[in-house]
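**Student:** Here are the chains, one letter per residue:
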Amino acid sequence: MEKRVTFKGIWLPLLLVLPQMLVTAVFFFYPAGQAIWQSLFIPDPFGLSMRYVGLGNFEYLLSNPYYRASFVTTAVFSILVTVLSMGVALYLAVLADRLIKGSGVYRTLLIWPYAVAPAVAGVLWLFMFNTRVGVVTWYLGVLGYDWNHVLNGEEAMGLVVVASAWGRISYNFLFFLAGLQAIPRSVIEAAAIDGARFWTRFRTIVWPLLSPTTFFLLVVNIVYAFFETFGVIHTITSGGPQQATTILVYKVYADGFVGQDLGSSAAQSVILLLIVGALTVLQFKYIERRVHY
Amino acid sequence: MMMRKLMVSVAAIVTAAPVMAQTEVEFWHAFTGRLGELVAEQVETFNASQSDYVVNATHKGNYSETLNAGIAAFRAGEQPDILMVFEVGTATMMAAEGAIKPVFEVMADAGAEFDADAFIGSVKGYYTTNDGDMLSLPFNSSTPVLWVNRDALSGAGIDPDVDLTTWEQVGDVLEALKVSGHECPLVTAWQSWVHLENLSAYHNVPFASQANGFGGLDTELMLNGDVQTKHIQTMGDWAKDGKFIYTGRRNEGGANFRGGECALFTESSAGYAGIKAEAAFDFDVRPLPYWSGVSGAPQNTIIGGASLWVMAGQPAVEYEGVAAFLNFLSSPEIQAKWHQDTGYLPITQAAADLTREQGFYEENPGTDIAVEQMTANAPTENSKGIRLGNFDQIRTIIDEELEAVWAGDKDAQAALDSAKQRGDELLRRFEQANR
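So the sequences go chain by chain: A and B.
If you number the first sequence the way our numbering does, the last residue is 348 and the count never jumps.
If you number the second sequence the way our numbering does, the last residue is 510 and the count never jumps.
These are calculated hints, taken from the structure and not from any lab test.
Hints are all accurate, no fakes.
In the EDC-like style, the derived pairs of lysine to aspartate or glutamate whose C-alpha atoms are separated by at most 20 Å in a straight line are:
id, chain 1, residue 1, chain 2, residue 2
1, B, K315, A, D201
2, B, K485, A, E209
3, B, K315, A, E209
Required output: the full structure, derived from the provided sequences and hints.
**Tutor:** Next comes the structure, spelled out in structure tokens:
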């Protein structure tokens, strides 16, 4: 059934793949190689000297209980961001998919937040929840709840999760909506005629047929939560209070770009690289089996 | 061929035209807003005052970002002549021997007249070697003081002229404020700098061994001593009782104070410009309080702020321009104006004297308190300054541990012991990187 296009010879396909390979090499393999190399040294910030320490940087990091605690923080953060942004996006997509009138307007509005850069999103949410002038904080105060994410770690975590997930909902919404619209109406109508209600149709037909999209978004969102949420954390909490929101990628930044400890920072990037690699392999190995293409 | 020659000469004319015979000096700084304007004004005045050199001032982000930009530029061989580095980065710059050219050397090479002793002792001490050689030029230096909202005190039925010399007296006032229903009796900025680093210097107890790091890289934190523990425990108790309100790691509390919500505020003397501009209440400045029972207190407080480092690897003629510019910056007139505009300390005795002669202190009572507090006593080993590697990260650790105290998760002793242990690890790493 599948349509296959085969090239004659090897040169044309190579040529076509070359630009992508070059981009990957320059922007991924080269920096990743540099990070691995640097993680074996303790360099001084100015690049005047480098002391070879072998795996010393890794030993130093992994023996540090605060660094190990950061793994748990990262896991909690990533899971919350992924579940929240995908859950809300799916809900909105299902609603938008059933709209008959004005669906274009809803869709456009729902996609807007994606255009907001993470750091800006962080500042926006910080303003609403500012302990002193925040609108939400004020209303919560009226309701008798004393919001203080500056000292309360759980509130801080909640705030960075919501701020990180917010912009992401648009992106996920877009994919879910496209996925929903690709499901043939006839299948759903047939089920409806057979007497299946909305929830049954969703569970038995829509959800399985949507699984490739869901799987793709799962991978992409976890990578997002791991790497791209730095701006939000930086603007809202700077990793605090205590270490409640110090996720791994924020520590890479803090140690490397603020603390000038390039050896440790490089070692942390390598660890991150390994984690995300392992996660992706796991996802493809176990979850993809349950995906229906 | 013809074409190429033409292009080369055109290019030469185009690039040479705006420069003429003047030597350009690149200066990277970290100031925006009002401070940025004042720096730009200083640079313009210098450029207009002579025709040999042109200083190009560029804003490179906040303190950390500016230091980073300088480091990255050095690695790429594109470093500026002058880089502004905050006091926390001092040890990093000092350890980078091949990357910097000490100020005393720049001055000597250029044959410029330069008297390091003209600078106020506690300002100079922070940036000189143990032999008294000045490595970087102090630029903006401030020291913590106590800001008082007089209206808030009167409102609570407290005499606004109440004595706030000691923390014991402050404690009584906080209690009175609390009883009267005040919601923000005390707030602070830069908690580690004010309540640990300066607290230690002010009570003449060490913050770190090896003379606070001046004696060598094999230094260890000593911030968990009796004085510090007592102070942090008291602050923790105040936080629990709602007498001390924690607002964040930087100077977030400034907004609360300037808005009139808080009665007392421990913040840098450089908070003056902002408070004067925004406060719609009667305020005054008091010296930083101390604990009365500690012998040796009050010693002197230490500075925060930034200094100007000269980067290595530039042509000699540019260093002459650098020397001229740095001398210009430390001249009494420029310094006195800077001090009066910003609330930063006058870095030379001459500038302080000039400010007094101009009658500034009489018109703006309290603005000389910071100067007096810094210069009241000759600095000791414990109050000369602090020179620690990885200090920015150590401050983050201190922030984290203090937050644990304010939240009631840890007592002061446990938090400070943990801060010492975690900070010492970073000090060992810095020692390793710079051996």
